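Visitor: As a plain string of letters, each chain reads:
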Amino acid sequence: MKKGLLATGIIFCIAVVMAFYACGPKGPETIKIGINAPITGDIPKVGEGSKFAAEMWLEDINAAGGLQVGDKKYKVELVIEDNESKAESAVKVATKLITEDEVLAIVGPQSSKQAIPAGGKANELQTPMISPWSTNPDTTKDRPFVFRGCFLDPFQGPVAANFIKDEFGFTKAAVLYDVASDYPKGLAEFFKEAWEKNNGPGSVVAFESFTTKDTDFSSQLTKINNSGAQVLFTPQYYNEVALIVQQAHQLGWDKPIVGSDSWGSAETVKLCGKDCYGLFFSTHYAAAGATGATKEFIDRYNKNHGYVPDDVGALTWDSIHLLQQAIQNTGGLTGDIKKDRVAVRDQLAKIKDFDGITGKMTFTEEGDPIKCAVLVRISDAGEFEFYKSVCP
Amino acid sequence: MVLLQNLINALQWGSFYALIALGYSMVYSILMLFNFAHGDIFMVGAYIGFGVASALIALTAMGAFALPGWLILVLTILFSMFLTSFVGMIVERIGYRPLRAAPRASAAITGLMIGIILETGNLALLGAQRVSFPSMIDTVTYDMGGVFVTNKKIMIVVVSLLLAGALHQFIRRTRYGMAMRAMAFDYVVVPLMGVPLNTMAAMTFALGSALAAAAGILFGVAYPVLDPYMGILIGWKAFVAAILGGRGSVMGATLAGFLLGFIEIFVAMIFPSTLRDLIAYSIVLLILVFRPHGFFGEAYSARLRL
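If you read the protein sequences in the order shown, they are chains A and B.
Start counting the first sequence at 1; every next residue gets the next number (my numbering).
Start counting the second sequence at 1001; every next residue gets the next number (my numbering).
The reader is advised that the hints may include incorrect statements.
As the list claims (entries may be wrong) - Footprint (simulated), chain B over chain A, 3 or more residues, beta carbon under 8 Å:
1) 40-49
2) 249-259
What the hints assert, rightly or not - Chain A is faced by these chain B residues, among others (derived, beta-carbon under 8 Å):
3) N1006
4) F1036
5) S1054
6) Q1129
7) G1145
8) T1150
9) N1151
10) M1269
11) S1282
In case anyone wonders, no lab produced these hints; they're calculated from the structure.
Since the model is a prediction, treat every value here as computed from it, not as a measurement.
Where a beta carbon is used, it is the ideal one built from N, C-alpha and C, also for glycine.
Throw the hints in and build the complete structure from the sequences for me.
Guide: In structure tokens form, the structure reads like this:
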């Protein structure tokens, strides 16, 4: 009897294993997630931050033995591709990730310059894409498959304008921005609109621009200096911030300079030095003085990579968790990548009150989260200090 | 006041164009080719300057010797010019010498390739992170009745003019300078008279590259953020200056370099800055329509002139 029982047991086991194998190919064994990041090009630090945050997330998933979706555990693979911080490369990367690597969803690109065209591609090919850092409205506009992990420029522009009015009481502002890049151009215009709404038409006394790769701003800054502006708003990336701020000071500008979330890189202070101390910018989170899950993330990142993560890292972390949540909410994948992509998109759109390390998020119709902005002051030690929080 | 301030801005900005344009012009006069890798040699010069300056600062910090900041800067410029001249010679030896008999278009394409190799080589070597050029001297800003000048600005303009003047004297007074001028008449016949073509070509490249290195370091002093692609745009614009000055003209390249700086700065002063390059380079085009050979150029001649 005992032998019989054992034999039955063995046969049963084999049957189960065989059934498992037979069923196996119907569902995917691994979930692939694409990362579309600027590893080289103008803003490599941004690419590095995205990569590190995504890898940290993968470590967690691997430590848990895979990603639990419905009643099945899946292995997860990250496909990290470099978009060279160029719009055309970002589209190429998105296409490659979707058609060749057959990823379930894409995280990135980060800056609006790449996220706007790449988002168009992802939407066309019906693949969910989350841009963690792109704040320009066009990225997600009329694109049901495209989401983002941050607030928008139409929100950020007024935040900066109102902050300057409340904090300093100024009525005349100057703006200096890169006309050839979607993000600074869009934000400069939103700021101008908000400022003129507060202070009347013509209160932006200098609205000066330059083109990507320019290094000399002396002519524009001379104009700004003589325009009677009380404050300079410059929504530029960290490499230009250093040049603009230093040149402004050398031309005798001693008034405040205010920036936007693109300043929030670990590189800003490194390149800019003492010239940037005491300046303000609006952003997604402040590393100094963080608590709870945010602090945990910062400490872990700092331990692994030797520096405090900037907002890109934190937003990428949140975006990939949003994606994880949506994948898990599907309740099970069919194995048909096209159907699964649609299922993930539907779940993303439904997410409410997601508790991220950069704040609570609920998606709107357009795939944009409603969340708060933070104003940061660069301290005299070169750290990003929390100054105040502004909620919609 | 604004005018004076922009005059100073333009002098600084034009210095870079002038120094880089000199390299284009010299090479053109001797070998009848434009070295399109020149902008990238400027970039390499800036990075070598970064390396030398960092090393000297580190040695000073360790107490090997005590050097004041300005001496470190002078040494950095000299060392980097010396080292970068070898880069120029290597580029000539590997990239251009084998193609000397080939059509000019091939040499131009080679130049573009070498440029890409230098950019991506640097990218592979140092990574894509921006490099912060060390500040060797403290910035002192002088306020002269609303016109602001820094010690760095003055230094940049003075050093550029000194170097351009030194080159001028070198070509006018030395035997090598004479050989260069002779070569500029006819680089096929003059070597038959016993002037070594290879030596002269290498020397021309070395001189041009040394000037580009000086420009690179001065650039680093003024705009202390270096990246591997920093030489492309400024290289193209300096090339425009070389054409504007008249191909092969030393004085012309210097003057046109400054002129280009003035045009860019003043266009941005008068017109909306969004249209700066559009208007600035339309003006350049207009000048070339009326003076197709540039200021000091002559029709169908590429003589090296002073």
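Visitor: Next step is simple, just say for each hint if it's right about the structure.
Guide: These are the hints, each one checked on the structure:
1. Note: the region 40-49 of chain A has 6 residues with beta-carbon separation from chain B under 8 Å; the three-residue rule is met and the coverage holds.
2. Under a criterion of three residues with beta carbons nearer than 8 Å to beta carbons of chain B, the stated coverage of the region 249-259 of chain A is upheld, 4 such residues being counted.
3. The beta carbon of N1006/B is positioned within 8 Å of a beta carbon in chain A (closest approach about 6 Å), and the interface hint is therefore held.
4. For the restraint placing F1036/B at the interface with chain A, the shortest Cβ-Cβ distance is roughly 18 Å, beyond the 8 Å limit, so the hint is violated.
5. Taken as an interface hint, S1054/B does not check out: its beta carbon lies about 14 Å from the nearest beta carbon of chain A, beyond 8 Å.
6. Evaluation of the Q1129/B hint against chain A yields a held restraint, the C-beta minimum of about 6 Å falling below 8 Å.
7. About 11 Å separates the beta-carbon of G1145/B from the nearest beta-carbon of chain A, more than 8 Å, and the hint is not met.
8. Hint status for T1150/B relative to chain A: holds, with the closest Cβ pair at about 5 Å, below 8 Å.
9. Annotation: interface hint on N1151/B violated; nearest CB of chain A at approximately 10 Å, more than 8 Å.
10. Annotation: interface hint on M1269/B holds; nearest CB of chain A at approximately 5 Å, less than 8 Å.
11. For S1282/B, the interface hint is violated, the least distance from its beta-carbon to any beta-carbon of chain A being 16 Å, above 8 Å.
In this structure, the hints that do not hold are numbers 4, 5, 7, 9 and 11, in rising order.
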